[in-house]
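Enquirer: The listed protein sequences derive, respectively, from chains A and B. With our numbering applied, the first sequence corresponds to residues 1 to 307, in that order. With our numbering applied, the second sequence corresponds to residues 1 to 614, in that order.
None of these hints come from the bench; they were simulated from the model. Positions of the beta carbon are idealized from the N, C-alpha and C atoms, including for glycine. Check the hints yourself; a few may be wrong.
[To be verified] One side of the interface only, derived from the structure: several residues of chain A facing chain B at Cβ under 10 Å:
| # | residue |
| --- | --- |
| 1 | Gly126 |
| 2 | Pro170 |
| 3 | Met226 |
| 4 | Val274 |
[Unchecked claim] Under the rule of at most 20 Å between Cα atoms (straight-line distance), these lysine to any residue pairs were calculated in the SDA-like manner:
| # | chain 1 | residue 1 | chain 2 | residue 2 |
| --- | --- | --- | --- | --- |
| 5 | A | Lys307 | B | Thr588 |
| 6 | B | Lys335 | A | Leu271 |
| 7 | A | Lys303 | B | Lys335 |
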Amino acid sequence: MNLDTAFLAALLLSTLRQTTPLLFTALGGMFSERSGVVNIALEGIILFGALTAAVVVERFEAALGPGPHPWLPWMGVLSAMTVGGLVALVHAVVSIRYRADQIISATAINLLALGAPSLVLTYFYGNATSSKEVVNRLPLWGPEGFALSPLVYLAFLLVPLSWWVLFKTPFGLRLRAVGEHPEAADTLGVNVYRMRYVGVVLSGILAGLAGAYLAIGFLNQFVRGMSAGLGFIALAAMIFGKWHPLGILFSTLLFGFASALAIQLQGTEILPAVLVQAFPYVVTVLVLAGLIGRSRPPAAVGKPYEK
Amino acid sequence: MGVLKDHRRLGVLVLLGGGVLLLLWYLAPWAVPHRLFGGEGVLLNPFGHHLPQGGLPPGYSDGWLRLLFYASLAWLLLALLAPWTKAPTRGLYWAGFAGLLLFLLTYLLFQASVAQVNAGAERPLLRRYSLGLGSYATLAFGLYLLLLARVFSPGGLAFLVRRRGLVVPVFSLLLASLLGGVMVAVLKENPGEAASWREAAMLKLDLITYTYQLLYSPLVNPSGFLQSLLLATPLIFTGLSVALGFRGGLFNIGAPGQLILGAIAAMLVGVYLPGPRWLVLPLAILAAALAGGLWGALPGWLKARFGAHEVINTIMLNYIAASLFLFLISANEYKFFGNTLFLPFKYPGYEARSHEIRPEARIPHWTDLVAPGGELSFALPLALLLGLLGYFLVRRSLGHRVLFGLLGVVAGYVLGGLLPGPAVAFGPDLTSVRLNGAFLLALFALLFFHFYVFRTVGGYELRAMGLAPKAAEYGGVLAGRKMVLIMFLAGALAGLAATHYVLGGGIDEYRLKQSLPYSVGFDGIAVALMGQNTPLGVGLAAWLFGILLTGGLQVNLQLGISRELVAVLQALVVLFIAAGGFLPRYFTDPLRAAEVELKEEARKREAEEAKEAR
Chain A
1 MNLDTAFLAA LLLSTLRQTT PLLFTALGGM FSERSGVVNI ALEGIILFGA
51 LTAAVVVERF EAALGPGPHP WLPWMGVLSA MTVGGLVALV HAVVSIRYRA
101 DQIISATAIN LLALGAPSLV LTYFYGNATS SKEVVNRLPL WGPEGFALSP
151 LVYLAFLLVP LSWWVLFKTP FGLRLRAVGE HPEAADTLGV NVYRMRYVGV
201 VLSGILAGLA GAYLAIGFLN QFVRGMSAGL GFIALAAMIF GKWHPLGILF
251 STLLFGFASA LAIQLQGTEI LPAVLVQAFP YVVTVLVLAG LIGRSRPPAA
301 VGKPYEK
Chain B
1 MGVLKDHRRL GVLVLLGGGV LLLLWYLAPW AVPHRLFGGE GVLLNPFGHH
51 LPQGGLPPGY SDGWLRLLFY ASLAWLLLAL LAPWTKAPTR GLYWAGFAGL
101 LLFLLTYLLF QASVAQVNAG AERPLLRRYS LGLGSYATLA FGLYLLLLAR
151 VFSPGGLAFL VRRRGLVVPV FSLLLASLLG GVMVAVLKEN PGEAASWREA
201 AMLKLDLITY TYQLLYSPLV NPSGFLQSLL LATPLIFTGL SVALGFRGGL
251 FNIGAPGQLI LGAIAAMLVG VYLPGPRWLV LPLAILAAAL AGGLWGALPG
301 WLKARFGAHE VINTIMLNYI AASLFLFLIS ANEYKFFGNT LFLPFKYPGY
351 EARSHEIRPE ARIPHWTDLV APGGELSFAL PLALLLGLLG YFLVRRSLGH
401 RVLFGLLGVV AGYVLGGLLP GPAVAFGPDL TSVRLNGAFL LALFALLFFH
451 FYVFRTVGGY ELRAMGLAPK AAEYGGVLAG RKMVLIMFLA GALAGLAATH
501 YVLGGGIDEY RLKQSLPYSV GFDGIAVALM GQNTPLGVGL AAWLFGILLT
551 GGLQVNLQLG ISRELVAVLQ ALVVLFIAAG GFLPRYFTDP LRAAEVELKE
601 EARKREAEEA KEAR
């Protein structure tokens, strides 16, 4: 086994790329859970976001011709964020307004994300598993050989930004208050329901962003089940990162590294590919079991609030 | 005062329903005497037909429709007036029953009109005929009137609230179906050409109706019926698995992984353990349960020991199980750090599949159970009969009754097997359905669930854990150990689902194959919620989804709509049930339900006293 620089550089770049969707989703999950709503629907929302981005870009290409349209991928990103937010809104309405069990309501959305894309794909492309490949992917920014999708930079920029929002703004204070002690926040005049809606929808927008990255940044089409448990791994990373942006940065980098390692090891004779693919999932289980120890979720997470 | 307000509300509700009915009568076809391939139908409506390719089939008379239309209008008028009479609920009962009769009349007239044309012809001229949405709307409005009459008579709301375990899932299913209908309307263009917007609407509504007719068609044809039982078998197991977790306060999303482990274990025993049938088959089934159980117990232990949430862990274990599964059957040679590892499991060839299960370890096909050797066997009916007799006639403790029931089953099976039976032959459309003994195993699993959860101390503790974990622990339940046990049992049930595929050849071969549809583990969530975590409910819900999945194939074949429509319907059902069907909260909250029931009791008593005083 030769650990030359080329291998390491590829590993580093791959780690950054693998971390990006995890980071978006985990930060999203953080906003949702800090407001007191568990959102395991993020997995499904990633799929909806990816589907939206791929289909929107492809449809525009079909209408306008393939020629380079620099604005088109951004259009895809925006629509993925919108759809992500809307799907999260469904989860929010059902679990906040109708006080549903948050895990069941989110599971319903995940189930929907397994079936609904096939209907859409059959409608547009006549097959149930993947969309047509697009030409206008997200661009690559950066020096030759180290060029990365702008969304990668955005993901890492979001870390300090969400730290600032969460801990240095009145909005962040309210969001945390609503998740820790909704009665107290309510007494002080904070609209508990509104804060929770905002938290959940924000998580959906970010997960939609992650989906857009997968579909038109990482690949150039939507493939059925392309999220492959990413949303759940992101939630584990969020727990491991103790619901804190910096902790989440660290833990998603760990998971991103595990995935990147798995990818780099594929096709080598070190370990069989089928087993290596399971690597990030094993790490998740181990991390949740062994290192969780002192991490404490927001006190009111998962509980519907009643005025 | 309250009575007057009730009257007005009832009147408005009937009026609203009547409005929708009238609209559907105007826009939807009343009957479809003939349907072309591809879905376009000859649509009959009293306001004008839609006739593809020049007119009605020769000799068909649509005179009955006009007659029926005037009768229906008169009925609707009477129904609308009923709430404003002195005894509104009684009037509505009559109107409701009249509606059912009217529907029956429609059905008979339509069948007669079709038979008249088909009788004379050599090959039936009219094919794929059925009533249309307009007629079904008559039936629905009749039922709606009956429901309103019941709800608005004294104690009526309590009647509904007490049955909330049925009301919420059924209402959610109706809502999901409605939304599914909208989706069909959006995703699929009309099959025929329309001259007016009313005709276009008629085609659209017929398309939606036809989709649902196809989805439920397995109910009325024998091979579809068997196929629906076939697809229901694994759903029963996984539904029970999820339901057991819910009862114990745990959310088991790990059924797919547990099923995979069960399948691997069943394959290992079924392929490699030599021995006679009576030994190998039970061992293979047990191995599936054990492996699934252990895979389920793992996240249970992780939760009990480390507080790691079972939802994420069970999901992760699904992916790990899938990798393990592929590792075993996709190749026989692997490189580990330069060394080569040889595995014996993969069958030679391009496809990822195991060797065949030995004949001794196979679960028999349904024809071998119902009629071994072509002679109808009395073994199963007699086993059922003696089992029930043993259970219900013994007047001792529960343990004795179950024991005698089981003895009755065995005795009946042996006795029935010895009796000679008449020879029967099944058509190829029935024998090709791969329904097998795993279905009986699923029925046993339902019984096990019922007895364990509702009739034993262990089950009582389990339910206590689900309702109030702290109180249960205070009451002496060892919470950690119980958690592991619950997840073990849930995993074992999911693992048993694998016997249907691997040992029973539920898809096409007696092997472990890459095409193992382990995602039925996720469908178990919908089944458990739809069945409200009761064994009877899970059985019925699994069958319902079995019907829809079977029908989904027809929808795909005939209309070109993806079969995933059924998956979407399932997901919507889960979502709506989670939201309590968007019904008032006394349908989901037991305390509020009790409040309503008490209030309604008082109202009923008041009404009775008032009656007596008069």
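Enquirer: Run every hint past the structure and note whether it holds.
Expert: Right, here's what the structure says about each hint:
1. Gly126: Hint on glycine 126 of chain A: holds, closest Cβ of chain B at ~9 Å, below 10 Å.
2. Pro170: 31 Å, violated
3. Met226: 14 Å, violated
4. Val274: Valine 274 of chain A check passes; min Cβ-Cβ to chain B is 5 Å, inside 10 Å.
5. A:Lys307 / B:Thr588: The given pair, whose Cα atoms are some 18 Å apart, holds under the 20 Å limit.
6. B:Lys335 / A:Leu271: 6 Å, holds
7. A:Lys303 / B:Lys335: At roughly 49 Å apart (the allowed maximum being 20 Å), lysine 335 of chain B and lysine 303 of chain A break the hint.
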